[in-house]
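Asker: Single-letter residue listing:
Number of protein chains: 2
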Amino acid sequence: MDFNIIKRLHKPSDKKVVLLVLDGLGGLPEKDKHKTELEAADTPNLDRLAADGICGLHMPVGPGMTPGSGPAHLALFGYDPIQYQVGRGTLAALGVGFDLKPGDVAARGNFCTIDADGDVTDRRAGRIPTETCAALCEKLNGIRVPGVEIFVQPVKEYRFLLVLRARNLSPELADTDPQQTGKPPLDPKPLSEAAEKTAYRVSEFVDQARDTLKDDHPANMVLLRGFSEKPDWPAFPDIYGLRAAAIAGYPMYRGVSKLVGMDVLGTGETLDDQIETLKAAWNDYDFFYFHVKKIDSAGEDGDFDRKVSLIEDADHDVVPKIMDLNPDVVVATGDHSTPSALAYHSWHPVPVLIWSEHCRKDPVKMFGERACIVGGLGPRIPAVELMPIAMANAGRIEKFGA
Amino acid sequence: MDFNIIKRLHKPSDKKVVLLVLDGLGGLPEKDKHKTELEAADTPNLDRLAADGICGLHMPVGPGMTPGSGPAHLALFGYDPIQYQVGRGTLAALGVGFDLKPGDVAARGNFCTIDADGDVTDRRAGRIPTETCAALCEKLNGIRVPGVEIFVQPVKEYRFLLVLRARNLSPELADTDPQQTGKPPLDPKPLSEAAEKTAYRVSEFVDQARDTLKDDHPANMVLLRGFSEKPDWPAFPDIYGLRAAAIAGYPMYRGVSKLVGMDVLGTGETLDDQIETLKAAWNDYDFFYFHVKKIDSAGEDGDFDRKVSLIEDADHDVVPKIMDLNPDVVVATGDHSTPSALAYHSWHPVPVLIWSEHCRKDPVKMFGERACIVGGLGPRIPAVELMPIAMANAGRIEKFGA
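Residue numbers (the numbering used here), protein chains in the order written: chain A, 1 to 402; chain B, 1 to 402.
One chain only, chain A, in its complex shape (with noise of 0.2 Å):
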């Protein structure tokens, strides 16, 4: 969508517009049976949406592109993930609360486990508590390198914030993580002439890591990804004229929604959590992005049980709830699928819904992949067209043209 066109239509309207994403929703049968895990969940509440709204699978970044988190929540708030690309880097800074300012460089560390030979045996450093990961960011925070500001800050588990502040960086450099072990680290190599000074900053910072951290088997040596700079983008509240509330209890999900310039509200990391955090905002806000993380944790364990439960649990614990709100219109999907059957991300669609008054039911019944395929938004709609017509159903468009 063209976000020029939108900003100039959009209207104020009393109604209020609920963005419930089930991450990593979509999904596939276990080998040799039938259903996926949404479909063999029990969702009494998200079939009656279905039943009473209009139905789809949605494309979060093109057809055959397996999104990340990022990428495909972008695409659900309607930018195009492909034009607006974000580095790893940047989403953990904002997912932390970082300040990143104009120019910083910033890098999404894990903590990894090497051996005597210097090769990773464990990219994740036997996923150590994000209290010891604490501990460790404070002693890297000692490291100095002239004429560099460095913050480390821990972000979960074994993942932590690196950000460098100086004049005249360059986020142009390659990742340093081999990305499978038995290899060792790579150099940050400068991916262009702009970089080449960044690139041997960020060595020296590693070196000096290395030397910081022999003692702390497992999580004796760093590994950087996603080298990347605070973006200049239009802001969500802005282009849809609305006023916006992330509900969201991981720092990816906050990062993501406050580089669109929502309010990223105050909340734990429980769905009782959650739903208490959107009552309280209910009067203030007139959109609510709310997320509901571990269904895809379930699918990336590759646990087809535990992630059927778990959107049982959304299902039970969450839509109602919601409903109870009386919004006027709701939004229900994934933001990408992870199939438990392949435990990771995949390309495959998304189920989507979208219910309101004025949505247009078609005959889906069901909320499952293989029923949204004849819904009325079609078996591939780019997800990016998802909050257009949300906002048309919220009656915030005004006519284009006369």
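Intra- or inter-copy, both count: the list cannot distinguish identical chains.
Derived EDC-like pairs (lysine to aspartate or glutamate); straight-line CA-CA distance at most 16 Å: (1) Lys258 <-> Asp238; (2) Lys31 <-> Asp52; (3) Lys35 <-> Asp362; (4) Lys33 <-> Glu357; (5) Lys361 <-> Glu30; (6) Lys33 <-> Asp52; (7) Lys35 <-> Asp52; (8) Lys189 <-> Asp177; (9) Lys293 <-> Glu269; (10) Lys361 <-> Glu39; (11) Lys31 <-> Glu357.
If you're looking for bench data, these hints aren't it; they were derived computationally from the structure.
Please arrange chain B on chain A, whose structure you already have, making use of the hints.
Answerer: Positioned in the frame of chain A, the structure of chain B alone reads:
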């Protein structure tokens, strides 16, 4: 669509194409009911074409976009309405059937009310009746600006059309409408050097209008918006390589057809008049745009039953008479949806069928919003894609590449 490709590939054929536009066709069920207007209507003739044809629903402008009639028709003619935008002045000229010449500058005028200080107190002059508007336009037609021909025509209620005709005019002028009360009308500020003289001439007109209307409270001043020229677009007959005729009774639709270079045939406003015009012109053209207006008006009036009945009239009185002429390709659709439940144009996709000998039938047996979802054209085909498909069905597009 890229017109250059079609221009390059079109080829002659003796096959005739009819584009039947049932204005505002798409709808919604009445509250607590299930069938839309089209679904509720008894339409054996359209159903037969749907059963023998290929069906779907089209998006006139884009997801969530509610189209005006002008953009919606442009889309059906294959012109991307985002790319081919028409100024408000030009649209007003089209609407009243004013024959805009190249170089004319048109503006949409509002009669408004100003107070003793010259500040606008009502931007719509108390919505004066159209007859009052016509009388005031007659007075404004008496204004003389040296070197400029001036035309003022009533549109509806407080709205009128102003056209300036002279050498070297430019439409690059800012609106004089301050968009709020309590402020004076703005000057017609030139937005380019080329427009300075035009701005001066418009100021002359406005000053004299103020004087002419001083005793006509509440319509004692004018506001001007959307200065624009007749656009210079590729012509429909050239793009597609066919002789194209428009059979439409209402000024707006005649105007938009003329804008794209169709021959606009003389016809009355009744369906019988239009059918007679079609018959008389049958041998002289390859393509006929046939417009049925009143269905939309019933939708805009929120009258479900009348809309149903007018759809039935079109089915019984128009479709068989078109088929009697043995057309080779029939496209039957609406330009946009006008659900009586909303009493306004809406964003909902519009049912469409394409009937021809080789269209490749789909399983759709009935022409209706829900039935068409599973049609071969899909539930969300961009309206601009319909003309090329109609052309292909008429054997009018060469193979692309070897």
